[in-house]
Amino acid sequence: MTSVKAIFIKQAKDMTKNFSVLIMFIIFPLVAFGMTELVARGGMAGMSEYISDTMFVTMMASIFVGMALIQCACGIIAEDRETKSLRCLVIAGVKPHSYLLGIGGVVFTASLLTAIVFGLIARFERSDFLAFMLIMASGTIASILLGATVGIFSKNQQAAAGLSMPLAMILGFGPMVAQFNYNVGRVFSIFYTQQINVLVNDFSAGITEPLIVIWANIAVFAVLFAIAYKKKGLRN
Amino acid sequence: MIKMTNVKKAFGTQTVLSDVTFEARAREIFGLLGPSGAGKTTIINILTNQLDADSGAHGIDVSAYETGMMLDEDGLYTRLSCMDNLCIFTDIYGIPRLKAKEALKKVGLADASNKAVSKLSKGMRQRLALARAILHNPKVLFLDEPTSGLDPNSAQSIRTLIETLRNQGSTIFLTTHNMEEAVKLCDYVVLLNRGKIVEQGAPEEICNRHNSYKTVPDLESVFIEVTGEQFCAYENETGIGRFKIAPSA
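Just so you know, the protein sequences line up as chains A and B, in that order. Quick note on this note's numbering: the first sequence kicks off at 3 and runs consecutively. Quick note on this note's numbering: the second sequence kicks off at 6 and runs consecutively.
Careful: at least some of the hints might be erroneous.
To be verified - Pairs of lysine to any residue residues, derived as SDA-like cross-links and limited to a Cα-Cα distance of at most 25 Å, are as follows: (1) 15/A <-> 119/B; (2) 189/B <-> 168/B; (3) 86/A <-> 53/B; (4) 86/A <-> 189/B; (5) 19/A <-> 83/B; (6) 120/B <-> 167/A; (7) 106/B <-> 21/A; (8) 7/A <-> 168/B.
No wet-lab data here; the hints were simulated from the structure.
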């Protein structure tokens, strides 16, 4: 537990000084706020009646979970690998789960704060707000694990960006494409981002089945991360 | 204290260690010498369980917690301050943060404790990495080329600290390609070339065996004699002096 706390504190301090990571947690709610306000004030003449009040919030929130968090977790871990900081931690006896909990804890906390901002912009009612937070929390865990796995496998930050960007784009934008193509929708239904997109757009739909898919994704990513850490965590 | 017996290691078809056997005793400065690519870092990686040997045996008589390491790359968090970098490890080891202050004082970085690592010189970074390695008073300390690329003053301050640590009871496992440094610091040295041990013993003993004395024991001459290689200077197209290893005449 002391290792988790140490890494959490380290990462929290480091993230406040790392603008390229910090910006990801600010830009998505900012864009959602801007677009929501634009529609509310009639800035998109003729379109307002077709766009729900929460449309841009849910869209940006699901893209944020699917894209930004993968790149964030991936970037942090790839940097730790490239600078050999991760090697120092492992030599000091830090276990894979402690490292992941420390790094993931900070990303998770920052993500939940961002989710609260999304929720406030959308003006969700209490029950919807709680459901939204539960979905965002589950999606965040899945994205952190996936990003961490890619980060561990990447030799450096450049390689990490090259790997995580297409993956994040597929997972982030895939659900949007799925709205217009039934077959794509069927394929994407096994991915957590698709389930998040469905859930945040309609809280009245059944929550159990999508949550099972999301947590199945989490289980698979956790196993992948453990394998990646054992195989690559110490190697140059 | 640190033992390696008949260790072999290859990366693909390239053999990097062949039948390496040595023993470092407690409370001595043990030097592993050789040119770049001789296999020094590979030996450290094997001893610290970062790499598996293909065959042979190796071991250290203390637990992983009782070892400290200063690696070839410092692994510092550049956006964080010196103090923050050390506090991560005091928290991991479960020791008081006061130890971080003490370690910074020992390496002469007390005044820079709140300075971001990105603003430190290479010498200061090396000293900070050393402070991190000695934070928990380890019984065995691995130092991978600790004075490499440092100015003479910084290198000397690190050497003095290494001697102090040995006098306080730590066993130091040092790799270097600086023969003069090895003569000054080490109680016992192993000369490594292309993954093979070519000579070992106390520096003065080795120099005696090879009749290699100038005003001080001349380990470098021994190295050239036993490996058939020498260091020489040359100038490249831009006129900047460089060093390379060339076959001896």
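query: Is residue 86/A within 25 Å of residue 53/B, Cα to Cα?
result: OK: residue 86/A and residue 53/B at ~15 Å, within 25 Å.
- prompt: Does the structure keep residue 7/A and residue 168/B at a Cα separation of 25 Å or less?
  reply: violated (35 Å)
query: Given the hinted pair residue 19/A and residue 83/B, is their alpha-carbon gap at most 25 Å?
result: holds (10 Å)
message: Tell me if the straight-line CA distance from residue 86/A to residue 189/B falls inside 25 Å.
response: violated (30 Å)
message: Does residue 119/B sit within 25 Å of residue 15/A, going by the straight-line distance between their CA atoms?
response: holds (13 Å)
- prompt: residue 120/B and residue 167/A: Cα distance at most 25 Å?
  reply: violated (34 Å)
field: residue 106/B paired with residue 21/A [C-alpha distance capped at 25 Å]
entry: Distance of about 29 Å is beyond 25 Å: violated.
task: Quickly compare the C-alpha distance for residue 189/B and residue 168/B to 25 Å and report which way the hint goes.
output: The hint holds at about 10 Å.
When each numbered hint is compared with the structure, violations occur for hints 4, 6, 7 and 8.
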